[in-house]
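Q: If you read the sequences in order, they're chains L and Y. Residue numbers for the first sequence follow this note's numbering, so the first one is 1 and each next one is one higher. Residue numbers for the second sequence follow this note's numbering, so the first one is 1001 and each next one is one higher.
No lab work stands behind these hints, which were simulated from the structure alone. Please read these numbers as outputs of a predicted model, since none were measured by experiment. Incorrect hints may have been included.
Said to hold, decoys possible - Below 20 Å or equal to it, Euclidean Cα-Cα: the simulated SDA-like pairs (lysine to any residue) are:
(1) Y:Lys1074 with L:Trp171
(2) Y:Lys1051 with L:Ser349
(3) L:Lys145 with L:Trp171
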Amino acid sequence: MKKSNILLGLAGSLILISLVAWGYQIYNGLIVTNMRNSFSWGLYIATFAFFVGVAAGGLIVSSTVYLFNIEKLKPFTRIASLSAFASILGAGAMILPDMGRVDRIWNIFVYPNFRSPLVWDVMVISAYLLITFLSVYVQILPDRKKEGSRFLNGWTKAHSQEEVEAFSKKWSKRIALVGLPVAILIHTVTALIFATQASRGWWNTAVLPPDFVSVAVASGTALVLVISLLAVGKEQFDQHKGAFQIMALIVAGSLVVHFFFVSVDLIIHGWWGSREAEEILSLIFGHYGYLYATELLLPAFTMVLFFTEKGKRSYRALMIGSVLLFIGVFAHRLMLMFPAFNAIPLSLSIPGAGIESWAYPVALGQLQEGMPVFVSSWAYMPTLVEYGVTLLPFGLVLFVVTAALKMYNFLPQKPFM
Amino acid sequence: MRLGMVIDLDRCIGCRSCAVACKSHNAQPPGTWWNRVFTPGASFHQAAVGKDGALQMEYLPVSCQMCDNPACQKVCPSGATYTDERGVVLIDYERCIGCRYCIAACPYGVRQYNWEDPKKAKARAGYEKGYEYGYPADFRDKDGRLVYTPNRPVGVVEKCTFCVQYTSGGEQPACVKGCPGKVRIFGDLDDPSSEVSKLVRKRQTVRLKEELGTSPKVFYLAATKLIR
Ligand code: SF4
Ligand code: SF4
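Just chain Y, same shape as in the assembly (with noise of 0.2 Å):
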């Protein structure tokens, strides 16, 4: 099994619904954002950009993308970051010694530091005191490792699980249930007969940074135009 993810920028309408929905569910802290969406060229989300009269405004949403070759796997010390049997590339929170190796390496800028206790964090945010949000419960993949806890141990990194708490038990992840415009497509690269794989083989896809090598698994359907 490989699991892995179509966006279809087409349909994208830069809402950031898939990003409040990523935080709200993995409970990041103040700061912290595993997903994000941003107007490629633009100063600020949503506005236009062009030359001559002539505007764009395109969308790209990004979180880890999942690499098949990730980088921050192969340069963590303690092996705190690992690839499941699925896939994902997922972070113990009970190994992490906090070196942010990982965060130099990444590519794609999505890996995320605890710089401080999130209980701490959101309390100086102003967040009213005792006001939990996320999934409530403590998640450890089938060894037992910690790879989802409300809060984060301060000093760790986190990122994108393709929400394991929700998809090991067969549900879908929280960025694609949220997306009003039905943009993001999830399921098993692996399986010819899935809804990923279809698109995969029959659309021209994009995958970001491509000449790095890091073979990611989030494939960007860009039918009109192309983003490098």
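If we strip away everything but chain L, and leave its shape as in the complex, we get (with noise of 0.2 Å):
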């Protein structure tokens, strides 16, 4: 398949200009970011949460398929545990350039800090990476008995075909149902990193676990929806409607949870009133507004158009909802650190001179002509590099489902339809 060999290409391109780009930033120190002491984490902590979101898609479909019975899914649970893998691999890999002292990151596994959410989510998403990988390998087990392939396969050389199978059928089964736990774990734990710092107001809410479990449903099955979009191609669309309205109900239906969970979330922030509250509700509709808006809107187009009967039952409503989706979701992840880092946690009142809330401010930690050393509010954006650097998880996540599909055949009933 020559398609294949051009994605190849083009996800080791992506893969090589981020490497680059890394190389170039431990060269140089962060300082090549745009981030600094007020804003301490961009873009690269948002791509993080971005990717832990899609990686979710997985091990719900599959289980979905155990859980309640659908066999129209079936034949796409395959797909949905190689993107969980593929995508839990590059949210693994995005963390680490965030690291300033990366060739230290063994610091966490020898002294861990088990008070540390950031502790807690390495465990979880190595679970996962771990669960994934098993839940993908297991399913290709019997094609791979069949045409003889040995790398990690030579036990199986005592069994027969069927017993291989049998094995790989109640093993997928199995994995499925420990992982999904697992994949709900991620999500909340991811959140908990945020959610559990009283420091800052935006994040500090028990509503942040549970809408990212929501919004990781969505975009996660999204995920699955586009890769086995891609994978069946236009022509055996009509084949595997059945499963395509399934996954497409499974997104909007948790877009309603997450829009549920964004009003309660914002009328607690408003209600009372607070100066903090009513600076974190001015920089999402003020400052931020079109990217808050993009967050909102976006995925409320693909929450409807997936409701619609239109929608979901067009190759190209699907595709086009699921990529909105993505970039909404993508923009509420980047949401995640603007209003936090630009409302300074130490604000203080002068009653006296009137003022309710003054913010007292940060030193930059770079000293620099033409710029004060101490701010109270960063316009950050990211740096080229930082975008270079960026490229890693999705140049991954295109080279090992792009291998993976190309190598063995991830839609089973294909030769034979």
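Since each chain comes alone in its own frame, lean on the hints to assemble the complex.
A: So this is what it looks like as structure tokens:
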């Protein structure tokens, strides 16, 4: 297949560009990013959260098959697991360039601080990586035996094809069921990294973890949907219509839940009318209004589209809806950062001067001509280097998915239908 | 032992001597300030604020509040941030992986990151080549953890250490010594006869962002005007 070679080439160049950019960053320090002391997490962490989100789809789709016995989705459990494995690999890779001292990353494993939500996240993400890998592995096992592939496959030699197939079936189900709670945990724990911080009003809400789960179910299922659509192509679309409709419904349904959480969150932030909350609301509706509108409107459009008969049944509508949703969810992840870091936690009221909220300036960590050293907000915009580094997970996901689809059959009934 | 500090805002003249002493004694690279002094409400330091012609000008020095419930330490995945036996929150420069979670967690904006190699930063800022300032030697705690070094490694977080290189030998921190108004009083909060304990007991004190439950060990005396 030529197309897959082009995609592999593209993936390879994305990875290469990102590695060069990362090398440049390691050589110069994170000064080449636009992050500074007052705005200390940016595009990298947002992208990380995005990929954790889309990694959900795999086990959500496979476990729906087993829990609710939805046979129509069955042909797609392999693609689902593959997309989950690729995404969580991308998420894990994205976190590395954000570390100022990636060379000491082993300190997390040698001296883990179990009170840190970051350590919890490392644990659940590693578990998820392993589970999704095993899930892919056991599902393609029978095919690989047929082909006589030997890599990581030696032990199946002593067994017959039927035995291997029965093993694959049994373990696919078991792994999907064990994986589901872990899938939910990776979103919960990733959200807890933020939600536990009372210093940042925008994050510090109990609705953040369940909302992360709902967004993850939506965007993760959309990723499975897109990869499946691409894999079956327009020609065989009709044959699998039923499955696509179910996925579209899962996406739309979880977006309903998401918008419910967004609404209660906004009400709780706004109703009491504290200065801190007002500052956050003025940031999301004022300064970052466009980004926030993207976050709300695009997924809302997808939600409505996927509920309509026409939207559910058309290849193009499903494709467009999913892509718009990805853009919306990415904006959502970026919006985790902007209001949180541009509302300085140490703000004071000076009643005698009629000032309700005054942000105590923070030192940037850089001295440069024409720029103040102390700021109370920072107009963070990623630099070219940051964009370059951020290509890493995109390249990895594209590479893993394309290579796997090329090497193995991820759509079992394709050959004889 | 629980080391703490009392800052008497009535006496502060906003001269920023403490910030300068802190910066130079602790070899902070350009753009990095462990200790800041500002005029709350004003967009410039030492500009009066007020309404209807009634003006006021107060100063507020802020450095690490040495929280008894330090969010920075709890989030630190590698245990680089820790509290030593004297109650001082420190950072092990050899352990920190530079994840910057602690910067997001600290409510006081005191944590500073080494976005680039301090030597490069100094050269870029136009400091004379070979000009070094600050306490010249490494300082390790009793377990050998590197908590002070004149040129910090790139990619690690730093902040006020209560001048660990001086105070562990019984001396006073640089800001306390450098303050012309004797605004800062440093001592053991566990010792009832220490001056800090007496002040905390007898005077009305304020801690910053008390409502967050961080339990700072830096207390402000604001007898005449309360600052939240
Ligand atoms: S003020 Fe910030 S850096 Fe200092 S102990 Fe408290 S949370 Fe940590
Ligand atoms: S940046 Fe360093 S000190 Fe701060 S949380 Fe990460 S490892 Fe700990």
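Q: For every hint, state whether the structure bears it out.
A: The hints, checked one at a time:
no.	hint	result
1	Y:Lys1074 with L:Trp171	violated, 39 Å
2	Y:Lys1051 with L:Ser349	holds, 14 Å
3	L:Lys145 with L:Trp171	holds, 16 Å
Hint compliance for this structure: hint 1 is the single one not met.
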